[in-house]
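Asker: For reference, the chains in residue letters:
Number of protein chains: 2
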Amino acid sequence: MFRPPPLLLLLLTRCPAPRRLLSASRQGQGQGRAVGSVLKTPKGTRDHHPAQAALRERLLGSVVACFKRHGAAAIDTPVLELRETLMGKYGDNAKLIYELQDQGGELLALRYDLTVPFARYLAMNKITNIKRYHIAKVYRRDNPATTRGRYREFYQCDFDIAGQFDPMLPDAECLKIVHEILSDLQLGDFLIKVNDRRILNGVFAVCGIPESKFITTCSTIDKLDKVPWEEVKNEMVGEKGLSPEAADRIGEYVQLHGGLDLIEQLLQDPKLSQNKLAKEGLGDVKLLFEYLTLFGITGKISFDLSLARGLDYYTGVIYEAVLLQQQNDHVEDPVSVGSVAGGGRYDGLVGMFDPKGRKVPCVGVSIGIERIFSILEQRVEASEEKIRTTETQVLVASAQKKLLEERLKLISELWDAGIKAEILYKKNPKLLNQLQYCEETGIPLVAIVGEQELKDGVVKLRDVATREEVNIRRENLIEEIRMRTSQL
Amino acid sequence: MFRPPPLLLLLLTRCPAPRRLLSASRQGQGQGRAVGSVLKTPKGTRDHHPAQAALRERLLGSVVACFKRHGAAAIDTPVLELRETLMGKYGDNAKLIYELQDQGGELLALRYDLTVPFARYLAMNKITNIKRYHIAKVYRRDNPATTRGRYREFYQCDFDIAGQFDPMLPDAECLKIVHEILSDLQLGDFLIKVNDRRILNGVFAVCGIPESKFITTCSTIDKLDKVPWEEVKNEMVGEKGLSPEAADRIGEYVQLHGGLDLIEQLLQDPKLSQNKLAKEGLGDVKLLFEYLTLFGITGKISFDLSLARGLDYYTGVIYEAVLLQQQNDHVEDPVSVGSVAGGGRYDGLVGMFDPKGRKVPCVGVSIGIERIFSILEQRVEASEEKIRTTETQVLVASAQKKLLEERLKLISELWDAGIKAEILYKKNPKLLNQLQYCEETGIPLVAIVGEQELKDGVVKLRDVATREEVNIRRENLIEEIRMRTSQL
Chain A
1 MFRPPPLLLL LLTRCPAPRR LLSASRQGQG QGRAVGSVLK TPKGTRDHHP AQAALRERLL
61 GSVVACFKRH GAAAIDTPVL ELRETLMGKY GDNAKLIYEL QDQGGELLAL RYDLTVPFAR
121 YLAMNKITNI KRYHIAKVYR RDNPATTRGR YREFYQCDFD IAGQFDPMLP DAECLKIVHE
181 ILSDLQLGDF LIKVNDRRIL NGVFAVCGIP ESKFITTCST IDKLDKVPWE EVKNEMVGEK
241 GLSPEAADRI GEYVQLHGGL DLIEQLLQDP KLSQNKLAKE GLGDVKLLFE YLTLFGITGK
301 ISFDLSLARG LDYYTGVIYE AVLLQQQNDH VEDPVSVGSV AGGGRYDGLV GMFDPKGRKV
361 PCVGVSIGIE RIFSILEQRV EASEEKIRTT ETQVLVASAQ KKLLEERLKL ISELWDAGIK
421 AEILYKKNPK LLNQLQYCEE TGIPLVAIVG EQELKDGVVK LRDVATREEV NIRRENLIEE
481 IRMRTSQL
Chain B
1 MFRPPPLLLL LLTRCPAPRR LLSASRQGQG QGRAVGSVLK TPKGTRDHHP AQAALRERLL
61 GSVVACFKRH GAAAIDTPVL ELRETLMGKY GDNAKLIYEL QDQGGELLAL RYDLTVPFAR
121 YLAMNKITNI KRYHIAKVYR RDNPATTRGR YREFYQCDFD IAGQFDPMLP DAECLKIVHE
181 ILSDLQLGDF LIKVNDRRIL NGVFAVCGIP ESKFITTCST IDKLDKVPWE EVKNEMVGEK
241 GLSPEAADRI GEYVQLHGGL DLIEQLLQDP KLSQNKLAKE GLGDVKLLFE YLTLFGITGK
301 ISFDLSLARG LDYYTGVIYE AVLLQQQNDH VEDPVSVGSV AGGGRYDGLV GMFDPKGRKV
361 PCVGVSIGIE RIFSILEQRV EASEEKIRTT ETQVLVASAQ KKLLEERLKL ISELWDAGIK
421 AEILYKKNPK LLNQLQYCEE TGIPLVAIVG EQELKDGVVK LRDVATREEV NIRRENLIEE
481 IRMRTSQL
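One line per chain: the protein sequences are A and B, in this order. The UniProt record's numbering puts the first residue of the first sequence at 1, with every later residue one more than the last. The UniProt record's numbering puts the first residue of the second sequence at 1, with every later residue one more than the last.
Among these hints, one or two may not hold up.
25 Å max Cα-Cα, derived BS3-like pairs, lysine-lysine [what the hints assert, rightly or not]:
id: 1; chain 1: A; residue 1: Lys426; chain 2: B; residue 2: Lys40
id: 2; chain 1: B; residue 1: Lys68; chain 2: A; residue 2: Lys409
id: 3; chain 1: B; residue 1: Lys426; chain 2: A; residue 2: Lys126
id: 4; chain 1: A; residue 1: Lys426; chain 2: B; residue 2: Lys426
id: 5; chain 1: B; residue 1: Lys126; chain 2: A; residue 2: Lys43
id: 6; chain 1: B; residue 1: Lys427; chain 2: A; residue 2: Lys359
id: 7; chain 1: A; residue 1: Lys68; chain 2: B; residue 2: Lys137
id: 8; chain 1: A; residue 1: Lys420; chain 2: B; residue 2: Lys300
id: 9; chain 1: A; residue 1: Lys300; chain 2: B; residue 2: Lys409
id: 10; chain 1: A; residue 1: Lys68; chain 2: B; residue 2: Lys213
id: 11; chain 1: A; residue 1: Lys409; chain 2: B; residue 2: Lys286
id: 12; chain 1: B; residue 1: Lys95; chain 2: A; residue 2: Lys40
id: 13; chain 1: A; residue 1: Lys279; chain 2: B; residue 2: Lys40
id: 14; chain 1: A; residue 1: Lys126; chain 2: B; residue 2: Lys40
id: 15; chain 1: B; residue 1: Lys40; chain 2: A; residue 2: Lys427
id: 16; chain 1: A; residue 1: Lys286; chain 2: B; residue 2: Lys279
id: 17; chain 1: B; residue 1: Lys40; chain 2: A; residue 2: Lys401
id: 18; chain 1: A; residue 1: Lys137; chain 2: B; residue 2: Lys137
id: 19; chain 1: B; residue 1: Lys126; chain 2: A; residue 2: Lys40
A few chain A positions that, by computed beta-carbon distances, are all more than 10 Å from chain B [to be verified]:
id: 20; residue: His49
id: 21; residue: His70
id: 22; residue: Glu81
id: 23; residue: Asn125
id: 24; residue: Ala205
id: 25; residue: Glu239
id: 26; residue: Thr389
Because the hints were derived from the structure by calculation, they are not lab data. Beta carbons are placed, not taken as given, at the ideal position from N, Cα and C, and that holds for glycine.
Work out the full structure, taking the sequences as your base and the hints as a guide.
Answerer: Now the structure itself:
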């Protein structure tokens, strides 16, 4: 099976270096300096230094490659939305929405996620069929936990399939995508939990919970991955007002997890099999597992009745990927990382925007890129290696004085030939300084012009790593640089 | 001289098609539908449909390639900044800044450009030396003129060099970059105007303008590219309170433009040569032209004393690129497009953020990507060709019923091998519908599984354009698809 080379290997040059780049990045983030005017980024936000930007570019590149492999098109929507577009879509979380000041004109807010803007986009343009990805920043006035990769401004990476199709085919592809991305990134072992809102609703119904308490019960159950059943039960009875008997009945169900066998078992369950919604859900999850078997990925999938997902808008299959353990033993200070992807089916959201309430069934997945990024970041820091932040192939240098003109002429030729090249911005730089610059920034080649070389019509090409130097005829230089750097 | 193939050729598939994609994109942008709740994007903002997102991705790709060719690293800063970071940096334009509502905590605003956040970033992290690019959205509560590519949310593409270097070397590279980008994009003929704030200040001084009126006089002069001298003079005299004689003296200077000869002439100018600032500026612009001569680009550079640039923070060389004429005769409705890039030296901005006022000299350029995008967009629409919005190499299809399992098994193999592949989300799709999907979306190959092929251990590979079909042994399929699509 094809697997691209590990991301980190692609990122690292061989030159050992102090943890300058990423360590520097930890300083001053979201915190003030002792200056008169406050010199900081807003709470819960951060700058990306070059090393971080390079790491993020490659991480996002890997995710985009997967989305494109599955035939998705890109779209973009504004960071700003009308406030009314966002209102009534996020339940209690609406208080976390950033609102813009009323400066005249429309009342605006910053988007909270990419899903509601996507639904607005579909309804507004009457699109009933699209497979799209969208990678962009979203905003939440949340309590930041920056060491765990939780920020107030953060990227979401969403893949969604909208349209009326045969059951579970798009849903299965979403899970395949999560599996591919987490495998490619080599984050360690992971598990994708799958459930269905219809099954949960069926469970609640047969346990005697009134329909008005379904959603709030969902959010309590969602805590089962963090706290033991006893606590969850206490919340159900104490805060949510369920009877202890009903809670116990629910408990019997939501602590179940397994595979196709469990699905079959529940399809035979005397109470649950009588519930129309639960039966539908179980039938679909069974079909989903059959497709996932064909994809060969059921080894990492668990049908887990405790998975509930926080958001209101899910209507069918839901899923969430968690890292099972961290395989980075050499990190001194491991980040605590749980869920790294999640999503599900939301068949009603677009209809909330359509004037006639026309529904467009949707299913999608969001990759938890910030958590993944913070794992990779810590891993790079621990590796004592250094990320190249530029792609420069060659430094145009001179060993003697008064050769600025020649350097400028040569670098201009290289740029026009598409070669990535730099010079030092000094009239008469010392050769040692020029070589040092290459060592520091990972530039592999130096093209040295000198009096003798000019007379002979050659350029001295130096390999920074091996220190080997060889004279190349000027007309062959571009080809030689291309050849030598094509492996990089 | 190496030139990458024209951007548009890369973008277009050969299949003629109605202007569906981009035309659709014009609908509903920033405007409501006849619905109860308003279904629109905020004023001056827009969604990017897949065809637009694909066009933008390639345009930005071309710009980024140039920035990387010149050894720039990427950074990112938050969309949100503290209000006080932005205050006092934009003069009158401060009223165009989007402010966030006070929801408790810090007072925030949306960034107005990328330059002030860059200066804040340098000061906050005590960085005195960096070559960086930054491509991101900025926000201005301006009057949108969307047909000219002017939006309230728009991308800026900035390249800046910060640090203490020998004069004019980074400045010359910025101009080389503008030249490369505008040449590569084949937008038609262009001219890069160059001036220096010190020369303008010198001109004002020798014409008897009080220093307090320098900046306001600059902004009047900046209109010379749109209105005739007489009007500019009237504004100077009537609104800005200059004497008619002083205005006439300015007029003699600011209507000059030329090359090295003009610089020499002004260096001999009896009045101007006595002004220290003007002399410094003229000396630097002369050096700049010498470097640009070595780069071979002076043919498109004009030393133009009427160029003033609006922003307060420039301290030295300034420049602006304009399209001279539009070479898209076949566009019915040509966009009016003027300036497509601009920038200059701002040596004082970082010091405004540093607690000790330490200066970091900076020079940079901003590519007017929205205007360029609107030109490319109209050109694509006029071409009656269609942009591929996905990169799918092969559709996995079947000619008979009951082959869903086989399709899923095959596509899973292809995905795992890194092939970009799709299936229709139907259990038993008609072959005609599958082929039609390929025609519509530009997928070049179809891998067809059928009873006989399965028995024979082959897959039928169909070329969508030529309709040729050939049986490929299953174990060779991946290699065959890679080979056939490597040219695309």
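Asker: Give a verdict on every hint.
Answerer: Here is how each hint holds up against the structure:
no. : hint                : in the structure
1   : A/Lys426 / B/Lys40  : violated, 53 Å
2   : B/Lys68 / A/Lys409  : holds, 19 Å
3   : B/Lys426 / A/Lys126 : holds, 22 Å
4   : A/Lys426 / B/Lys426 : violated, 65 Å
5   : B/Lys126 / A/Lys43  : holds, 20 Å
6   : B/Lys427 / A/Lys359 : holds, 22 Å
7   : A/Lys68 / B/Lys137  : holds, 24 Å
8   : A/Lys420 / B/Lys300 : holds, 23 Å
9   : A/Lys300 / B/Lys409 : holds, 18 Å
10  : A/Lys68 / B/Lys213  : violated, 56 Å
11  : A/Lys409 / B/Lys286 : holds, 18 Å
12  : B/Lys95 / A/Lys40   : holds, 23 Å
13  : A/Lys279 / B/Lys40  : violated, 39 Å
14  : A/Lys126 / B/Lys40  : holds, 12 Å
15  : B/Lys40 / A/Lys427  : violated, 56 Å
16  : A/Lys286 / B/Lys279 : violated, 81 Å
17  : B/Lys40 / A/Lys401  : violated, 63 Å
18  : A/Lys137 / B/Lys137 : holds, 11 Å
19  : B/Lys126 / A/Lys40  : holds, 12 Å
20  : His49               : violated, 6 Å
21  : His70               : violated, 7 Å
22  : Glu81               : violated, 7 Å
23  : Asn125              : violated, 6 Å
24  : Ala205              : holds, 30 Å
25  : Glu239              : holds, 26 Å
26  : Thr389              : violated, 4 Å
Violated hints, listed in ascending order, are 1, 4, 10, 13, 15, 16, 17, 20, 21, 22, 23, 26; each of the other numbered hints is respected by the structure.
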